[in-house]
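Chemist: For reference, the chains in residue letters:
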Amino acid sequence: MRSDKSILILAVPALAFFAVFSYGPMVGVIVAFKDFSIVDGIIGSPWNGLENFRFFFESGNASRVVRNTLMLNALFIGGTLISGMALAIMINEVRLRLLKRTAQSVVFLPYFISPIVISVMLQAFLSGFGGSGGMVNGLLDGFGISPVSWYTEPGAWPWILTVVKIWQMAGYTSIIYLAAMTAIPTDVYEAAVLDGASRWKIALRVTMPLILPVTVILLVLQIGRIFMGDFGTIYAIIGDNGTLFETTDVIDTFVFRALRTSGDLGMTAAVGLFQSVVGFVLIAATALIARRISRKSGGL
Amino acid sequence: MGVSTVAVTVYALACVIPLWIIFASSLTAERTLVQTGFSLWPSDFSLEAYKALFSGNDTLINAYLATLVITVVGTAGAVIATLGMGWVISRRTAMARRFMVVVYIPMLFNGGLVPLYILVTQVLQLRNTYWAVILPLLVSPFLVFVAMAFFRDIPEAVLESARIDGANELRAFVSIVLPIATPIVAVIALFYAVAYWNEWFFPLLFINDPDLRPLQLLLQNMIGNLNAAQALQPTAGVSAPVYQLRMALTVVTIGPIILAYPFIQRFFVTGLTLGATKG
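So the protein lines, in turn, are chains G and F. The numbering of the first sequence is my numbering, which starts it at 1 and goes up by one. The numbering of the second sequence is my numbering, which starts it at 1 and goes up by one.
Looking at chain G on its own, in the form it has when it is part of the complex (with noise of 0.2 Å):
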């Protein structure tokens, strides 16, 4: 490769918005360490060890949002795995080329919707409009069972977001796994085919054992990032509804209420590095998993 440095013009966007936006607030981290006031500034501010760190895990907070973090993020990387799997399989055994091609535009759709826009949906849906009880309530009203005041009822609540997460996710995720069907060869098929195979046999002993690479490596991502919350979706619809915390709050969240209530920069800085550098290890080790297995696999 020729070196000629005029290339080098096209990173500075990029250099430039790394250094300030994602090296800038590594170094930043030290607040975590500090007694923070912004009148001092962060060089200014006096050390106070690992004060901070202490007084997050003896606030009684630190065991819930963790505990809420990783359940909820099991319950979603599970729901989404499995509904997006499913999906797939199914989109791939449907014969009629008009509904197959609706269905995979379709399901596609609510990925673009945001999480404000869902939550509005969800509202409507679960308190209806002036306290009239929603639309899950008059179904439930149907079957004769009492309609459930559901935003105050914090144990309904990881599945409400599990069901969320899968209207949002199973379409993004289907085109994934449609991608990897598409790689597979045709004539494994006509194999199984002449061996008397059912559809349904096809689908169990066929097609899925043949994308269980890409499954495995789709779950061993979303476990690297199983200490993230999922910000955006969860504070859309939970908002500041301190009964439904129990169930809810994740490391995001708290972290996001702490900085605008408590204004406690040092203590939040704090969870914010704890969250970062476990987060950090997660996503180191399924790092190494991943490539370990894509090795095996022959790559994605």
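If you're looking for bench data, these hints aren't it; they were derived computationally from the structure. Take the hints with a grain of salt, since some may be wrong.
Straight-line alpha carbon distances no greater than 20 Å define the calculated EDC-like cross-link-like pairs of lysine to aspartate or glutamate that follow [what the hints assert, rightly or not]:
{"#": "1", "chain 1": "G", "residue 1": "Lys201", "chain 2": "G", "residue 2": "Asp187"}
{"#": "2", "chain 1": "G", "residue 1": "Lys5", "chain 2": "F", "residue 2": "Glu156"}
{"#": "3", "chain 1": "G", "residue 1": "Lys5", "chain 2": "F", "residue 2": "Asp165"}
{"#": "4", "chain 1": "G", "residue 1": "Lys5", "chain 2": "F", "residue 2": "Glu160"}
{"#": "5", "chain 1": "G", "residue 1": "Lys201", "chain 2": "G", "residue 2": "Glu190"}
{"#": "6", "chain 1": "G", "residue 1": "Lys201", "chain 2": "G", "residue 2": "Glu93"}
Interface residues of chain F toward chain G, partial, derived using beta-carbon atoms under 10 Å [stated by the list, open to error]:
{"#": "7", "residue": "Thr5"}
{"#": "8", "residue": "Ile21"}
{"#": "9", "residue": "Ile105"}
{"#": "10", "residue": "Asn110"}
{"#": "11", "residue": "Pro115"}
{"#": "12", "residue": "Glu199"}
{"#": "13", "residue": "Phe201"}
{"#": "14", "residue": "Ile223"}
{"#": "15", "residue": "Tyr243"}
{"#": "16", "residue": "Leu249"}
{"#": "17", "residue": "Thr250"}
{"#": "18", "residue": "Ile258"}
{"#": "19", "residue": "Gln265"}
{"#": "20", "residue": "Phe268"}
As the structure is a computational prediction, the values presented were derived from the model and not from experiment. Note that beta-carbon positions come from the ideal geometry of N, C-alpha and C, so glycine has one too.
Position chain F against the provided structure of chain G, taking the given hints into account.
Modeler: Leaving out everything else, chain F in the frame of chain G:
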């Protein structure tokens, strides 16, 4: 009909019907909405909410302008930065490898929200500007790698011919590579555009001035606070259709995406499969 046909049909409907219901209720008079809730068809047809939205004051127009500015400026900047970096690291030089690490590390580790917050509000003083939303989201490392994967597939011979004609690397990129790269430019631009259009976290964090609120934040304010919906009314007070108005505002917020969807959807599928199989 097979099980799959039924299941796929049901799921496809489940993706569309909630959006349709929002649309139908935005056309249903407030009293019917409160009494009977949703319906698939507006039984008590009313354009009240849309009239209020469009004849009221500048709130909606301001929000639209904010979202447009953020989306257009953000996407343009993001595409330039992403393609430029993608091209440089696709070149397999020693410099390219070093830059690749620079792009890769932020995927693994970040400083967290507080240092970013202090950076934007204290150091750069960007509170209540659109830059506070545009700049922190400008480059997605993932999309840089998607661009890189695409550029690596361009045959070296194509570039060689440009070099023989005396073009430098920069010239070769602009006049040879970019025209070939149109599909990937479209994919990357669309990913950024949707992200900026739907973004509300940074507006929530950094924009307090009601006149600068983008659409998503306006809608979010309206869910939290019914009285805020009345601010959209030309005349305050008298039985404002707050619920209907909320639905109408939702429709107006997703409208452009739904209208553009048939055209942009296939690009996304391309981008997604590119990312999934090469990323």
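Chemist: State for each hint whether it applies.
Modeler: Each hint tested on the structure:
A C-alpha spacing of about 16 Å is found between lysine 201 of chain G and aspartate 187 of chain G, which places the hinted pair at or below 20 Å, so the restraint holds. Among the hinted pairs, lysine 5 of chain G with glutamate 156 of chain F is consistent with the structure: their alpha-carbon atoms are about 19 Å apart, no more than 20 Å. Only pairs whose Cα atoms come within 20 Å are accepted, and lysine 5 of chain G paired with aspartate 165 of chain F is accepted, the gap being roughly 18 Å. Note on lysine 5 of chain G and glutamate 160 of chain F: the hinted pairing holds, with a Cα-Cα distance of about 17 Å set against a maximum of 20 Å.
Between lysine 201 of chain G and glutamate 190 of chain G, the direct Cα distance comes to roughly 13 Å. Compliance with the 20 Å bound is thereby established for this hinted pair. Distance hint between lysine 201 of chain G and glutamate 93 of chain G is fulfilled; the C-alpha atoms sit about 12 Å from each other, no more than 20 Å. For the restraint placing threonine 5 of chain F at the interface with chain G, the shortest Cβ-Cβ distance is roughly 5 Å, inside the 10 Å limit, so the hint holds. Of the supplied interface hints, the one on isoleucine 21 of chain F holds, with its beta-carbon coming within about 8 Å of a beta-carbon of chain G, less than 10 Å.
A hinted interface residue such as isoleucine 105 of chain F counts as satisfied when its beta carbon comes closer than 10 Å to some beta carbon of chain G; here the least separation is about 8 Å, so the hint holds. Below 10 Å, beta-carbon pairs count as interface contacts, and asparagine 110 of chain F has one with chain G at about 6 Å; its hint therefore holds. With 10 Å as the threshold, the beta carbon of proline 115 of chain F comes within range of chain G, its nearest partner Cβ sitting at about 3 Å, so the hint holds. Because the closest C-beta pair between glutamate 199 of chain F and chain G is about 8 Å apart, less than 10 Å, the hint holds.
At a threshold of 10 Å, the smallest CB-CB gap from phenylalanine 201 of chain F to chain G is about 6 Å, leaving the interface hint in force. Evaluation of the isoleucine 223 of chain F hint against chain G yields a held restraint, the C-beta minimum of about 6 Å falling below 10 Å. The interface hint given for tyrosine 243 of chain F holds, since its Cβ lies 4 Å from the closest Cβ of chain G, which is under the 10 Å cut-off. A least Cβ separation of about 8 Å between leucine 249 of chain F and chain G falls short of the 10 Å threshold, and the interface hint therefore holds.
A distance limit of 10 Å between C-beta atoms decides the matter here; for threonine 250 of chain F the minimum to chain G is near 5 Å, and the interface restraint holds. With a cut of 10 Å, the hint placing isoleucine 258 of chain F at the interface with chain G holds, because the nearest CB-to-CB distance is about 8 Å. For glutamine 265 of chain F, the interface hint holds, since its Cβ comes within 10 Å of a Cβ in chain G; the closest pair sits about 5 Å apart. The interface hint given for phenylalanine 268 of chain F holds, since its Cβ lies 7 Å from the closest Cβ of chain G, which is under the 10 Å cut-off.
Going through the hint list in order, the structure satisfies each hint without exception.
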